[in-house]
Amino acid sequence: MFDKLFSDFKSDGFMYLIILAVIIFVCAQAAFFLRKAWTRGKELGIGTDKLKNAVTSSAMFSFAPAIGIAVTVISLSVALGYVLPWIRLTVIGAIQYETTAAIAALEAAGLTGGISSPVTDPQIFAEISIVMTIGSCLPLILIPIVLKKIQKGVSDVASKNSAWMDVMTAAAFIGLIAAFIGRGLAGTGSKDAGIIGDGAGVLSITALVASIGFMMMFTLINKKLKKNWIDALAMPLSMVLAMVVVVLLNQFAPELAAIEWRY
Amino acid sequence: MKTYMDKVHTWGRIWIIAALIFFLCIPVAICLHFNVTPRMDVVGKGLASIAFFFATGIIEVIAYSPMLGAAGTYLSFVTGNIMNLKMPCALNALENAKVKANTEEGEVITTIAICSSIIVTTIVIAIFVVIFAFNPKFSETMASPAFAPAFQQVTYTIFGSLAATYFVKHWKISIFPIAAITLLLLFVDPGIGVLIPVGVVLSMLGAHIMFKMKKV
Chain C
1 MFDKLFSDFK
11 SDGFMYLIIL
21 AVIIFVCAQA
31 AFFLRKAWTR
41 GKELGIGTDK
51 LKNAVTSSAM
61 FSFAPAIGIA
71 VTVISLSVAL
81 GYVLPWIRLT
91 VIGAIQYETT
101 AAIAALEAAG
111 LTGGISSPVT
121 DPQIFAEISI
131 VMTIGSCLPL
141 ILIPIVLKKI
151 QKGVSDVASK
161 NSAWMDVMTA
171 AAFIGLIAAF
181 IGRGLAGTGS
191 KDAGIIGDGA
201 GVLSITALVA
211 SIGFMMMFTL
221 INKKLKKNWI
231 DALAMPLSMV
241 LAMVVVVLLN
251 QFAPELAAIE
261 WRY
Chain U
264 MKTYMDKVHT
274 WGRIWIIAAL
284 IFFLCIPVAI
294 CLHFNVTPRM
304 DVVGKGLASI
314 AFFFATGIIE
324 VIAYSPMLGA
334 AGTYLSFVTG
344 NIMNLKMPCA
354 LNALENAKVK
364 ANTEEGEVIT
374 TIAICSSIIV
384 TTIVIAIFVV
394 IFAFNPKFSE
404 TMASPAFAPA
414 FQQVTYTIFG
424 SLAATYFVKH
434 WKISIFPIAA
444 ITLLLLFVDP
454 GIGVLIPVGV
464 VLSMLGAHIM
474 FKMKKV
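Top to bottom, those sequences are chains C and U. Everything in the first sequence is counted per this note's numbering, starting at 1 for the first residue and increasing by one. Everything in the second sequence is counted per this note's numbering, starting at 264 for the first residue and increasing by one.
The set of hints was computed from the structure by calculation and includes no laboratory data. Hints may contain errors.
Unchecked claim - Short, incomplete list of chain C residues facing chain U, as computed with Cβ under 10 angstroms:
| no. | residue |
| --- | --- |
| 1 | 113 |
| 2 | 114 |
| 3 | 115 |
| 4 | 138 |
| 5 | 215 |
| 6 | 221 |
| 7 | 225 |
| 8 | 251 |
Positions of the beta carbon are idealized from the N, C-alpha and C atoms, including for glycine.
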């Protein structure tokens, strides 16, 4: 039964020991900060309901994107086995970077099959792990040096002109959201005709419109019912329902779903 | 006496330096385990191909840290998936708790949100990878044309939900960045790594002008 997990040298017992250590490290760090923040929250007089809501809402919210990340692990597993992509997407990594880094490393090693051909040489596998790790490490060096200064600068500005700072903070968030909304409206996909839904088109607009619609619906419902749990679950539920709409559209009207105006 | 924020920076630095050392040890351990010596030309060539990661890494630290809070930044950069997971998670938590970013209450709420997200994400990925590994048919289904396009849209469902909250509340300062980004994308698509800082700068610039004109 365990044959499939320990299928080759890329997924041997040693590699599983590494991912186990990574999971323990990451969860220990999160648990440490969670405890400190919770205690500080109580000292500041933030209600337990509010703190619990932050936990519930964030946990629910993370579920669907986490499955998306797991699917990326699978897409990289043909070339690299399960464990290395799993490690890379549990620490520092991001979906869009890891695939690019893996392809760059494979090509540097002279393998032209991309992520669809299995790596059979341990030396190349080790080189790929080095490239993928070093390529994403710079922020970990920068942050201990610059973060406190950045945060102090922000806090000084906030204390001098709080009205302006509130507008700027909202504007920064809106700029981030606008980048993704813009991509949904007019972003280009990977020119590969086989990939449906990576460029702006019917599916991206459906996802945007459905999630906005569901979120507004939950907001209106909560205005009437005034229940904390609706606030906490509104966003994860809107995401999941919007994804259901996308899947149904793709199933029942595949020709319409495949329309992309930017590919 | 050290404030809570001072302590957060001390804890954060210790954890992030430990993480850096730990993560760099992983490829070293792989080399030792397989008893192989990496070819520096191959590693150098691979790193040269992804040199833009270094530039985006610098931009990300400057652009995201004021929004993520101090502990949120230390945690998010260690665990990754910032744009598609940690950032929207923090924004959603701030909105639900009705507290401002860049306050100590905001710091506490974003920290709790990001920690919860990290723990759940780590567990869910582990469970699904094991399921996929044991059951290739399930992974084929998830990667099939029926489901794969839905996972391509996860990011849009995240930011659509956030947009419904933020744009309704701040519609005056939202129109310009969306219009400017969409217009830019009609001519060139620089990729989301560049598009985000561009969107943030344009949005802040537009909002600053409107603030000076007393329109917001």
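Comparing the hints with the structure gives:
1. 113: With a minimum Cβ separation of about 16 angstroms from chain U (threshold 10 angstroms), the hint on residue 113 of chain C is violated.
2. 114: 13 angstroms, violated
3. 115: 13 angstroms, violated
4. 138: 4 angstroms, holds
5. 215: 4 angstroms, holds
6. 221: 13 angstroms, violated
7. 225: At 15 angstroms from the nearest chain U Cβ, residue 225 of chain C fails the 10 angstroms test, so the hint is violated.
8. 251: 6 angstroms, holds
In summary, the structure is inconsistent with hints 1, 2, 3, 6, 7 from the numbered list given earlier, while agreeing with the others.
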